[in-house]
Amino acid sequence: MIIDIVFFAIVTLTLTTAFMAVWLKNVFYNALSLIVCLFGVACLFIYLNSEFLAIIEVIVYIGAISIAIIFAIMLSQPMLQKNEPRNLQKMFRSLLIAGFLFAGILRTLRATQWPAVSVEGDYSMKAMGKAFLTTSLLPFEAVSLVLLVAIVGALFLSAGKSAK
Amino acid sequence: MTPVLFSQSLQSYLLLSTAMFSIGVFGLLARRNLVAILISLELILNSASINFLAFNKFCMPDKVTGQVFVVFIIALAAAEVCIGLSLVLLLYRKKDSINIEEAKELKG
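Protein chains in written order, with my numbering: chain W, 1 to 164; chain E, 1001 to 1108.
Next up, chain E with everything else stripped away, as it sits in the complex:
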């Protein structure tokens, strides 16, 4: 693994983003705290951004497309966090806890 990571090749970036994605999925499954789940989601979105830019640099003839996609990812991540955090505050106000095991019913 180490010699792959030492060179700035497409493979090393893909390896890095795969590792980050798996860490994010692990956090998504293992944590019960809503804020921690949002943090894991950020990790997953960032691994996607790294992937887009790596393919943009090494595999695309024009170097703009991947960067445009990453701008969209960042904007959508901001929107997602905005909604997610207001849901966190709402859940805390209703249930006095942000453990998602407590949020069992759909009716608000």
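One chain only, chain W, in its complex shape:
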């Protein structure tokens, strides 16, 4: 029973901070809400039996991506610019589109019968490492190449005129 209450609390926290991460006007508050939301997602990963991915989520998303976003906010100084008033018509249109998307996906989810298998199994890091180096070796190498290209590209872009 207590585990369900904690689960419900985590879900509520995640959804609330996810909404705050897009709704609040100040971008810095958006980034802080995103950090709390990502922490909630990491807790949910533990509920889904993937402790390794929960740790990776905290290290990569909270430790690297959120900090990089905060760095970019600090460097581009949007705190100093005054927030423009909300465009109510655009808000309404976006809300309508997102609401239709939500309703449509929810309807499909309710109508579908998912195959039910046992939740017991081998979730270990050892099995994951084996899968990375045998069955999904090619995507693994491709992702490492993508990361390398992204780093070089980001360096080239942010170096500005002096690199050209």
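These are calculated hints, taken from the structure and not from any lab test. Bear in mind the structure is a predicted one, so any value in this text is a computation, not a measurement. Careful: at least some of the hints might be erroneous.
[Stated by the list, open to error] Covered stretches of chain E (chain W as the covering partner; in silico rule of three or more C-beta atoms under 8 Å from a C-beta of chain W):
id, region
1, 1011–1017
2, 1020–1027
3, 1046–1054
4, 1060–1066
5, 1071–1084
6, 1089–1099
[What the hints assert, rightly or not] Just some of the chain W residues that point at chain E, by a computed CB distance under 7 Å:
id, residue
7, MET20
8, ALA21
9, SER50
10, LEU101
11, GLY104
12, VAL117
13, ASP122
14, TYR123
Backbone N, C-alpha and C fix where the C-beta goes; we use that ideal spot for every residue, glycine too.
Using the hints provided, position chain E relative to the given structure of chain W.
Just chain E now, kept in the frame of chain W:
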């Protein structure tokens, strides 16, 4: 809705990730700040990760495939944010603003 969320079933995880995805799409459409758009993209990618792990737990016979996919999602999200933030800095340097309405021309 509430009784669904209280149990840790596949449905509740799917409901959660659908809600998060819709919030992300809303942010993508409603915000004009480039950093806020990147934050919305992170929300969308995270909802996909939750979906992968939920299906991995409840619908897959071997419990490794979904986790491998989530590792790929996290790596690609890191690459995407890396490029996106350097574009933010470049745009700020050129236009003195990170409102995407200002970025109208393709020529740099």
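These are the hints, each one checked on the structure:
1. 1011–1017: With 6 residues closer than 8 Å to chain W, the region 1011–1017 of chain E meets the three-residue bar; holds.
2. 1020–1027: Since three or more residues must qualify, the claim that chain W covers the region 1020–1027 of chain E holds, with 8 doing so at under 8 Å.
3. 1046–1054: Answer holds; 5 residues pass the 8 Å Cβ test.
4. 1060–1066: holds (count 6)
5. 1071–1084: The restraint on the region 1071–1084 of chain E holds, since 12 of its residues have a Cβ under 8 Å from chain W and three suffice.
6. 1089–1099: Holds, because 6 residues of the region 1089–1099 of chain E bring their Cβ atoms closer than 8 Å to Cβ atoms of chain W.
7. MET20: Result: violated, 10 Å to nearest chain E Cβ.
8. ALA21: 6 Å, holds
9. SER50: 5 Å, holds
10. LEU101: 5 Å, holds
11. GLY104: 10 Å, violated
12. VAL117: Holds: closest Cβ of chain E sits about 6 Å from VAL117 (chain W), inside 7 Å.
13. ASP122: Holds, because the Cβ-Cβ distance from ASP122 (chain W) to chain E comes to roughly 6 Å (cut-off 7 Å).
14. TYR123: This interface hint holds because 5 Å falls under the 7 Å limit.
In summary, the structure is inconsistent with hints 7 and 11 from the numbered list given earlier, while agreeing with the others.
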